[in-house]
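S.K.: So the chains spell out like this:
There are 2 protein chains.
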Amino acid sequence: MHLPFCTPHRRRLGWRTSDVSNRRVSRPRRIAMDGASDRNAQEEERKGVDEADFANYFCTYEFLYHQKEMLEDAARMNAYHDAVMRNAKLFEGRVVLDVGCGSGILAIWSAQAGARRVYAVEATRMAEHAKVLVEHNKLENVVTVLEGTVESLELPEQVDIIISEWMGYFLLRESMLDSVLHARDKWLRPGGMLFPSHATLYLAPIVSEEHEQKVEQYDDELDSWEYFVQRMQQAYGVDFRVLSDRFENEQRKYFLQTARWADVKPGALLAEPCALVTLDLSTVTVEELKTLNCPFEIQISEEKFALHDLDGPEELQAFCGWFDVDFRGSSEEPAAIPIKLTTQPVEHASTHWGQQVFHVHPSHLCVPGDIFKGHLRIQRNRHNQRLLDVWMDYAHTTQQGDRRSHVRCFYIE
Amino acid sequence: MHLPFCTPHRRRLGWRTSDVSNRRVSRPRRIAMDGASDRNAQEEERKGVDEADFANYFCTYEFLYHQKEMLEDAARMNAYHDAVMRNAKLFEGRVVLDVGCGSGILAIWSAQAGARRVYAVEATRMAEHAKVLVEHNKLENVVTVLEGTVESLELPEQVDIIISEWMGYFLLRESMLDSVLHARDKWLRPGGMLFPSHATLYLAPIVSEEHEQKVEQYDDELDSWEYFVQRMQQAYGVDFRVLSDRFENEQRKYFLQTARWADVKPGALLAEPCALVTLDLSTVTVEELKTLNCPFEIQISEEKFALHDLDGPEELQAFCGWFDVDFRGSSEEPAAIPIKLTTQPVEHASTHWGQQVFHVHPSHLCVPGDIFKGHLRIQRNRHNQRLLDVWMDYAHTTQQGDRRSHVRCFYIE
Numbered sequence: 001m002h003l004p005f006c007t008p009h010r011r012r013l014g015w016r017t018s019d020v021s022n023r024r025v026s027r028p029r030r031i032a033m034d035g036a037s038d039r040n041a042q043e044e045e046r047k048g049v050d051e052a053d054f055a056n057y058f059c060t061y062e063f064l065y066h067q068k069e070m071l072e073d074a075a076r077m078n079a080y081h082d083a084v085m086r087n088a089k090l091f092e093g094r095v096v097l098d099v100g101c102g103s104g105i106l107a108i109w110s111a112q113a114g115a116r117r118v119y120a121v122e123a124t125r126m127a128e129h130a131k132v133l134v135e136h137n138k139l140e141n142v143v144t145v146l147e148g149t150v151e152s153l154e155l156p157e158q159v160d161i162i163i164s165e166w167m168g169y170f171l172l173r174e175s176m177l178d179s180v181l182h183a184r185d186k187w188l189r190p191g192g193m194l195f196p197s198h199a200t201l202y203l204a205p206i207v208s209e210e211h212e213q214k215v216e217q218y219d220d221e222l223d224s225w226e227y228f229v230q231r232m233q234q235a236y237g238v239d240f241r242v243l244s245d246r247f248e249n250e251q252r253k254y255f256l257q258t259a260r261w262a263d264v265k266p267g268a269l270l271a272e273p274c275a276l277v278t279l280d281l282s283t284v285t286v287e288e289l290k291t292l293n294c295p296f297e298i299q300i301s302e303e304k305f306a307l308h309d310l311d312g313p314e315e316l317q318a319f320c321g322w323f324d325v326d327f328r329g330s331s332e333e334p335a336a337i338p339i340k341l342t343t344q345p346v347e348h349a350s351t352h353w354g355q356q357v358f359h360v361h362p363s364h365l366c367v368p369g370d371i372f373k374g375h376l377r378i379q380r381n382r383h384n385q386r387l388l389d390v391w392m393d394y395a396h397t398t399q400q401g402d403r404r405s406h407v408r409c410f411y412i413e
Numbered sequence: 001m002h003l004p005f006c007t008p009h010r011r012r013l014g015w016r017t018s019d020v021s022n023r024r025v026s027r028p029r030r031i032a033m034d035g036a037s038d039r040n041a042q043e044e045e046r047k048g049v050d051e052a053d054f055a056n057y058f059c060t061y062e063f064l065y066h067q068k069e070m071l072e073d074a075a076r077m078n079a080y081h082d083a084v085m086r087n088a089k090l091f092e093g094r095v096v097l098d099v100g101c102g103s104g105i106l107a108i109w110s111a112q113a114g115a116r117r118v119y120a121v122e123a124t125r126m127a128e129h130a131k132v133l134v135e136h137n138k139l140e141n142v143v144t145v146l147e148g149t150v151e152s153l154e155l156p157e158q159v160d161i162i163i164s165e166w167m168g169y170f171l172l173r174e175s176m177l178d179s180v181l182h183a184r185d186k187w188l189r190p191g192g193m194l195f196p197s198h199a200t201l202y203l204a205p206i207v208s209e210e211h212e213q214k215v216e217q218y219d220d221e222l223d224s225w226e227y228f229v230q231r232m233q234q235a236y237g238v239d240f241r242v243l244s245d246r247f248e249n250e251q252r253k254y255f256l257q258t259a260r261w262a263d264v265k266p267g268a269l270l271a272e273p274c275a276l277v278t279l280d281l282s283t284v285t286v287e288e289l290k291t292l293n294c295p296f297e298i299q300i301s302e303e304k305f306a307l308h309d310l311d312g313p314e315e316l317q318a319f320c321g322w323f324d325v326d327f328r329g330s331s332e333e334p335a336a337i338p339i340k341l342t343t344q345p346v347e348h349a350s351t352h353w354g355q356q357v358f359h360v361h362p363s364h365l366c367v368p369g370d371i372f373k374g375h376l377r378i379q380r381n382r383h384n385q386r387l388l389d390v391w392m393d394y395a396h397t398t399q400q401g402d403r404r405s406h407v408r409c410f411y412i413e
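These protein sequence lines map, in sequence, to chains L and F. For what it's worth, the numbering used here labels the leading residue of the first sequence as 1, then goes sequentially. For what it's worth, the numbering used here labels the leading residue of the second sequence as 1, then goes sequentially.
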């Protein structure tokens with residue numbers, strides 16, 4: 001026995017390989033347990049879930065280092081800052097709820113924009129830092145930091161605006177939107193606003209620099225297993241061959257079916273991106289989020305293809321997914337200046353979200369005009385509702401009319 | 001929001017930098033929850049702990065890839081194989097319990113050595129693989145694989161031998177020995193044997209190639225924070241300076257106080273290693289393990305010092321810790337051929353445990369004859385009982401009689 005614990009990763013701004021990250025160790029913070037014996041089983045069950053959720057999820061957000069990384073993401077920061085400050089009129093005299101406030105930056109901006117009262121809710125001990133920051137910036141008369149999950153807290157009043165930065169990889173990873181929707185249904189006054197108000201998912205086919213490497217790593221693991229099986233038999237008299245298929249499945253899942261973080265450049269795209277779905281956050285339900293069925297149709301583009309400067313067919317090595325969120329105010333009170341935060345592939349900038357890349361193995365040879373049409377189904381992983389399983393079911397139709405169907409499963413972890 | 005989850009790390013045999021590892025995502029396996037409402041709060045509380053323990057700890061052991069890494073550690077494998085096979089007489093006709101059997105290799109060897117019955121207990125779904133391996137190797141009439149924690153399972157009989165590979169970094173990380181001792185007290189017949197039977201911890205002062213890098217990284221983070229504070233004030237009107245001390249503490253803990261995995265070479269040692277404590281596993285208690293107080297006295301060695309080929313003082317940049325375990329049988333039935341598994345620094349080989357390095361900053365300038373004398377206290381981290389806090393309280397006495405005291409705290413994570 002010797003393995004490191006499940007640990008949140010220490011992501012760096014300069015970090016660009018989805019496989020490599022620095023170690024950072026979790027210090028799961030247990031929710032206080034008193035010994036009362038009259039609590040019912042349901043409460044206890046809930047606590048069991050919270051324990052694991054703290055160990056798995058919240059613990060990643062209790063480091064200033066991680067907050068700093070997010071605060072250094074200029075696209076993220078500028079979009080939220082513009083959304084609040086350029087629409088300060090919407091905030092003036094209003095009551096705001098910041099769900100998962102982290103360092104408290106959005107709550108502080110809301111107060112600076114003129115909010116009458118801001119409730120900043122944070123589940124991790126980052127709440128202590130947020131309190132100090134709020135006081136140091138002399139906003140403690142407006143901003144109240146509350147430590148706990150938004151599901152477990154009571155507020156003294158309804159709110160006019162809910163602001164939150166809840167987006168995970170491919171928008172929905174982390175399932176933190178659930179908490180925002182819970183807060184919306186419980187605390188947002190009728191006609192109140194959500195910041196952001198809308199979210200859209202995109203998909204595009206790409207060539208990927210990492211594709212060959214992933215396939216090679218996978219092949220190397222299988223070769224290494226062969227050697228391992230021989231060695232175990234020879235040196236220790238135990239035949240491991242019966243586990244070969246299981247090992248292969250494990251490695252395929254890890255190297256080929258697990259979506260990778262990447263900073264994709266626009267030149268890698270082989271077609272115009274396809275908008276998969278737009279969520280209106282004022283009406284979408286948690287139930288709807290649990291399984292999203294998104295039809296898509298993608299045609300390989302002459303113009304994009306030409307960038308690759310090839311005569312013959314090009315390899316479609318992966319699909320790549322990302323999201324936008326929009327700050328439009330509400331239908332009753334639209335934002336004077338609607339703001340968009342996009343995580344699309346761009347040339348000389350990127351967000352810390354990057355894009356999620358789904359490697360296709362074997363890859364598709366394609367030429368301009370080829371069509372990829374089908375459905376993408378996003379559903380929560382049944383073992384961990386904060387992770388996602390992505391099913392793709394599509395046909396590749398060539399210009400000659402050749403049509404092949406494919407079904408693939410990916411994991412966003 | 002965007003962070004990867006707490007994830008077990010994909011350690012590689014060729015992996016040598018303690019900061020960098022490959023991502024591997026946890027798939028915490030929830031213990032089945034039925035809806036019975038009459039369970040009492042204590043049971044539920046226990047389950048809460050189990051949930052977090054699965055999320056944090058056990059999930060790391062359910063990958064064949066990790067098992068393969070451990071199975072490829074030749075020092076580990078050869079020691080256990082020799083301990084069983086060269087002392088097969090001790091196993092003949094006996095009942096054996098393998099605690100945390102993983103792939104089942106130790107259970108299989110025990111059966112091959114002639115055991116009458118082997119119970120192989122494994123908490124993760126690796127138990128399924130172990131069952132398949134046992135059947136494939138035609139030992140299902142001897143080896144029974146049981147999925148669950150050893151604390152929660154009932155056996156039909158007492159056992160003659162408990163075999164287990166429970167050792168974590170610096171021996172005690174993971175606190176898996178608790179489970180072995182629990183099994184010993186509940187299931188081992190009086191006079192039964194433990195494989196291994198003894199364990200010893202060692203400490204030695206070293207020069208470290210990584211030391212300067214760690215100090216530089218720490219300094220870089222503090223510089224980066226200064227720039228960050230200025231940027232947040234200028235661009236977004238929020239003063240983060242009040243969090244500077246907290247950020248510095250977080251970074252000091254991570255870069256300078258967290259023990260690092262390293263493959264230390266013998267030439268790095270500045271003194272003979274000091275044996276801190278030897279545990280007799282047949283008698284030690286969980287209570288005793290919770291806090292170990294280990295006196296040490298280390299004298300900088302002329303011979304070791306000479307290896308560094310310097311005229312002036314040398315820097316003691318770190319202390320380095322490791323362990324041995326011994327397979328001696330029991331006092332009633334000593335092993336005919338006692339076997340030792342050591343994780344000490346060696347020139348051309350190493351174990352996957354490596355050594356744990358505790359960086360000393362600022363470092364100590366020392367010359368041969370200098371003495372470092374004090375205590376090392378190993379205690380469980382109060383937030384996660386599988387991690388360790390290590391306190392060092394010692395005096396550095398030079399040959400001129402100059403004496404300085406130091407107290408340092410480290411974390412094994």
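One should not assume that every hint holds.
The list makes no distinction among identical chains, and a pair is therefore deemed to hold if it is satisfied within one copy or across any two copies.
[Unchecked claim] No farther apart than 20 Å at their CA atoms in a straight line, the calculated lysine to aspartate or glutamate pairs in the DMTMM-like style are these:
#1 LYS340 with ASP73
#2 LYS131 with ASP245
#3 LYS340 with ASP280
#4 LYS138 with ASP73
#5 LYS131 with GLU248
#6 LYS138 with GLU154
#7 LYS253 with GLU128
#8 LYS131 with GLU288
#9 LYS138 with ASP239
If you are wondering where the hints come from, they were derived from the structure by calculation, not from laboratory data.
S.K.: All the hints need checking, so say for each whether the structure fits it.
M.R.: Outcome of the hint check:
Within a single copy, LYS340 and ASP73 get their C-alpha atoms as close as 15 Å, which meets the 20 Å cut-off; across copies the closest is 52 Å, which misses it. For the identical chains of this complex, LYS131 and ASP245 are inter-copy neighbours only, at 15 Å across copies versus 53 Å inside a copy, given an alpha-carbon limit of 20 Å. Taking the shortest Cα distances, LYS340 and ASP280 sit within 20 Å of each other inside one copy (14 Å), while across copies they are farther apart (65 Å). Proximity of LYS138 to ASP73 under the C-alpha cut-off of 20 Å is found in neither arrangement, the shortest distances being 25 Å within a copy and 58 Å between copies.
Taking CA atoms no more than 20 Å apart as the test, LYS131 paired with GLU248 passes between copies only; the shortest distance there is 18 Å, against 49 Å inside one copy. For a Cα distance limit of 20 Å, the shortest separation of LYS138 from GLU154 qualifies neither inside one copy, at 25 Å, nor across copies, at 61 Å. Within a single copy, LYS253 and GLU128 get their C-alpha atoms only as close as 39 Å, which misses the 20 Å cut-off; across copies the closest is 18 Å, which meets it. In this assembly of identical chains, the alpha carbons of LYS131 and GLU288 never lie at most 20 Å apart, being 35 Å within a copy and 40 Å across copies at closest.
In this assembly of identical chains, the alpha carbons of LYS138 and ASP239 lie at most 20 Å apart only when taken from different copies (10 Å versus 69 Å within one copy).
The structure fails to meet hints 4, 6 and 8 from the earlier list, while all remaining hints are met.
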